[in-house]
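Combine the two chains into a complex, taking the hints into account.
For the protein sequence lines, the chains are A and B, in the order given.
Each residue of the first sequence is one higher than the one before, starting from 2 at the first, in the working numbering.
Each residue of the second sequence is one higher than the one before, starting from 9 at the first, in the working numbering.
These are computed hints drawn from the structure, not numbers from a lab.
Keep in mind the model is a prediction, meaning the values are calculated, not measured.
We treat Cβ as the ideally placed atom computed from N, Cα and C, and that holds for glycine.
It cannot be assumed that every hint is accurate.
Heads up, incomplete: computed chain B residues facing chain A, CB under 10 Å, no partners named [as the list claims (entries may be wrong)]: (1) V28; (2) V68; (3) H71; (4) H149; (5) F188; (6) G197.
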Amino acid sequence: MSVEFDQKIHTTLEDANLQLAIYTATGRLKQKRVEAVAADSLPDYQELRTQANAIKKHAIENLDHYLEEFERNVEARGGKVIYCKDATEVSDFVLDLAKERGSKLIVKSKSMTTEEVDLNERLEHHGLESVETDLGEYILQLAHEKPYHIVAPALHKTRYDVAEIFTRELHVPNETEPEKITLTARAVLREKFLHADIGISGANFLVADSGAVTIIENEGNARLTTTAPKIHIAIAGIEKVIPRAQDLAVFLKLLARSATGQNLSVYASFLSGPRRPGEIDGPEEFYVVLLDNGRTKLLPDRSKRQSLYCIRCGACLNTCPVYRKIGGHSFPWVYSGPIGAIITPQFMGVSHEPGLPFASSLCGACGEVCPVKIDIPKVLLDLRSDVKKSEAREGLNRLELFAFRIFAWVMTHPQAYEIGGKIAASLAPSGEGKWISSVPAFMRIGPLKAWLSVRDLPPSPPKSFRELWRRR
Amino acid sequence: MGKQVSLFVTCMVDQLFPNVGIAMADVLERLGYRVDFPESQTCCGQPAFNSGYRAEARTVARHFLETFAASEQIVVPSGSCTSMITHHYADLFQKEPETLALVHAMEKKVFEFATFLTEIAGVEDVGARFEEVITFHDGCHALRELGIKSAPRRLLSHVKGLELREMSPAEECCGFGGTFSVKFAELSGAMARTKVDAILGTGAKTVVSLDPSCLMQIQGALSRAGHSIRTMHLAEVLASR
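For reference, chain B alone in the conformation it holds in the complex (with noise of 0.2 Å):
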């Protein structure tokens, strides 16, 4: 029997792409870890948060808390919602001690898809075939906020058949950046096509990231301008055979 996961899918992923947490639990399970779905997630808090809505955040933040209790290790495929819960939930409920002990517990279970994989689970070949010229996107919080480089890219150069051509500049934003993205879109936007003339000069077919928001903006600006360029979460990468 291997051991347990939660699975923290979330919201977005849920609701747009269910795909990708298939693909996640797929992969999990290969490695032999039994996997659970608790029912009653639904967001991170995020949105309130980066918004600048604090005692919205704090309350959907304590739902999370409270689904994800009895959980010991819970796997998200997303660095922005699990730098949300493992950077951003202590600023939240500084003032109050008790949640904050809550949350520090929590801060040490909760762990993005490819790091789980490569520092948990301690595998970089996860036995994945993928027969193509991809790029990988950083997202901002994922290589900021949670110091992720390597993790996906050592995964990714097991996966057999695939090759990684890095796109330059590789480390600048999409243009996502949450309410940003309709708050300011004509901005967003341009930074949007800085990003896909990058994913071009690759050459790659497909563009993939450990993040569905990006990959979102990103999909949303190459169909825009007519690019049968496709993205993918790493997740479902990892889960071809």
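Here chain A stands alone, though its shape is the one from the complex (with noise of 0.2 Å):
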């Protein structure tokens, strides 16, 4: 693990308010899934769980035909597709088609994808205006910080934070009342969307049968961003694909459950190419990004491409109680939670921090709540695994390797494991019956050090069962 993962958390653990406010938010979400769910509201939500399951395997295992046909009907349409293998192929096509069509304003709506790519900072780098139109990514982007949730990004704001941060930014006056701060929002973010020369959003799914982009939301601001201006980009991840719009009907039903509680969105848009002769609204020109970005280095592993199925409701991250404790900022990424500890590693490799699949008390909660059912702590496993074998290669972490030969070869000796036992026994201080809070100096290293921490140590017992089994 790096100092600097280890030290977030410690952080995040230190700040009580902060604290308080992922677990309320989180947990508040929590529960409306919970409700959103249950038998009496969707009774068929275990056999959704399955399709939508099946239908994810089989577009991720198709991939090249779905991408495919998806290209042509959108193209059939006047729109087209751009493949962009990284963030600087994503940022050039953006800033290569403003130069050309001398737009200087762009507004956009929320998108994990573009976040994963630092693309407004790449905007304005070159001197583009890149505004956020999502009310949380909004605050978020005057905060200069990166989303905490994929799906609530400013979840650990409190109003008064929010307050704060529009009077810093905006020079507003004060004011902590969540609807008149979202009214000062609007009239910024409406001015922007009549201005804009580039709406760029990102897409829930991608429609191979009809060449559409499927956008869900809540606030309007993704229609906004999609119609108003004369450009739309659309970037999304290839795994996005899905074969028929009649896939929707699975994917719909469990999207805004899982997400927010909600049967369905307040919004959800369908869109296929520019506006056509006789239509009176829409873009006039109509691009769909497709990013790789690491997503084809998972393809041939049968068993760890399923972390490809992620729909991106943020389920597992309400319901994982290291979430719920370390947040989202603590993570090396901008994907957090369960969903960003497996796909983290795999996009960046699994150097980029090898602590982070351990980071779980693999309780299985995340993979409980998964409307696509991806099985993420045998993922979590399988990447410590690979974690394992890359420092055995680079001749890291030799102690714990020793450690563990030497724990599978007492385990595998009996007479030696009963030996050893007794003489940790001997070693441990009996505590007197009572739980143990110290231990002296010399054996307060490593994992004794670290349990003691936090925890009391159970006393040693006089006799170990097998001794007692025997005198039975």
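Shown next, in the form of structure tokens:
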């Protein structure tokens, strides 16, 4: 584990206000989800999960086929598809287009994919103004922070925090009433929508048989982003493709319920191609950027590639006892929580943050709530093995490897195991039957020290089970 | 003559909580089982597996398979160790068809203690008496990998004098997680304190679970915070008269 990861966890755990904000907000989302998928409101929930998993599995196993079909259908409707392998290619495409069209102002709706490639920073670096229009994202853009959560980016901010940010950045009076804060944002953002040259969105689904981009949202800002400016660019990971429009019947039932506990989001937009003759609204140009950025690296692994099924609902974050303690910014990349813990090492390489797959008690709550049934705990275990193989190749963490080799030897030699147990028991303080809060200095090392830093230790029993059994 | 069962007490019960193993044997014998303890048993290998050391985990798993090859039914006082054998051994031996066949045979013979009582022995009332208010902690692997929710509660409902009060939230992890508990000690401790708060909310005097590892984590946190609430394995409650 890197010092930075450890430090971020520590800082978050120490901050009592932040702890309360994370726990309360995730708790609310968690509870709403439970109610929304309960048998009396969605009787076929488990069947839908099974179907969603099957559709995603099929789509990922036939990714080339469906991407080509999607591309053909987008182009048949007058749109263009651009394949990008990484962040630079995405920003180059947007910058070139902006330059050709003389564009200066870009409005953006919420997209984790654009966060992944630091799009705003790259555009701003070249003198373009790129404004986030999702309220949570807008707050974070003003605060110069990355999203804290896949679905609720400003989950960690209280209304008092937001009021301060608005006062500081927009020079408005300090107003802590959420409705009034929202009206301030709305007033600023309406002007941006009216004057923007380009709208950039993400995509929840890319529908192959109709060449359509599907966008799910609650605020209406994505609909404005994709229809008001003359140019719409949708940026999506290649794994977002699904075969048929009718598959949305499965995913739309699951997505909002899993994310926010809503039966359906306020807006669901199906966008295919630019404005056609006779139509009164819609963009004049329509582009879909399909991003790889490491995704194809997952395809050869039959088990781990299920990580690409994710529909970014955030349910695993809300239910994760680790995320609920360490929050989103402790994670080493933009994707946080259990899904972040499995995709980050695969997109960025296991040595990016080798501690990440280990930052889990493997409680399995994430897998239980995943609407597309990604077996997150299994992928975490696979990644742990990958980390250890990589460390062994590089000669890192030799002491731990040695310890586990000893462990394996002892556990396959019952006599050594018994003698070892007796030695350990004779060294351990008996505590006279009471739990132990400290040990002699020479033992205050490694795992024992770590255990005792937050908990007491069980006293060593006078006899092991096998000794008691023999006397029975 | 009753049927034969073998105990796999787990390394943790053997070394740290031997009374749990004795209580389990007592309950099984009272139900008419002949109980044996294969002496060469040690550990299921989960610590190595969960830490990413697959080769070492395989070595220990092979030892388990050999030790219990002759046993007809094996009872384990831990949902987590049971799940290691019945759900994860197969992953370990994907590329070894011969061992995999042994694993699949073993999967059918290994039972978590509470499930063994309700599903195999077919009993819910073991004739226990325990006059106390308790709360029950669902170990994550028992709950989510083995799907055990009602078996311990049905068994507890027949214990004379016992009152079960469910905690809220009931299904959240205690923060143990094997080596996670020491690799991320501060975080693990924070998770344990949340669990302790849920326990305190019930007013129970005793916390009962199927997993000694969860109980070690919970008792360690309770003790550190100065609470007098104690933890007990289900077997210890069921062995009480």
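Original post:
Failing hints, ascending?
Top reply: Per hint list: zero violations.
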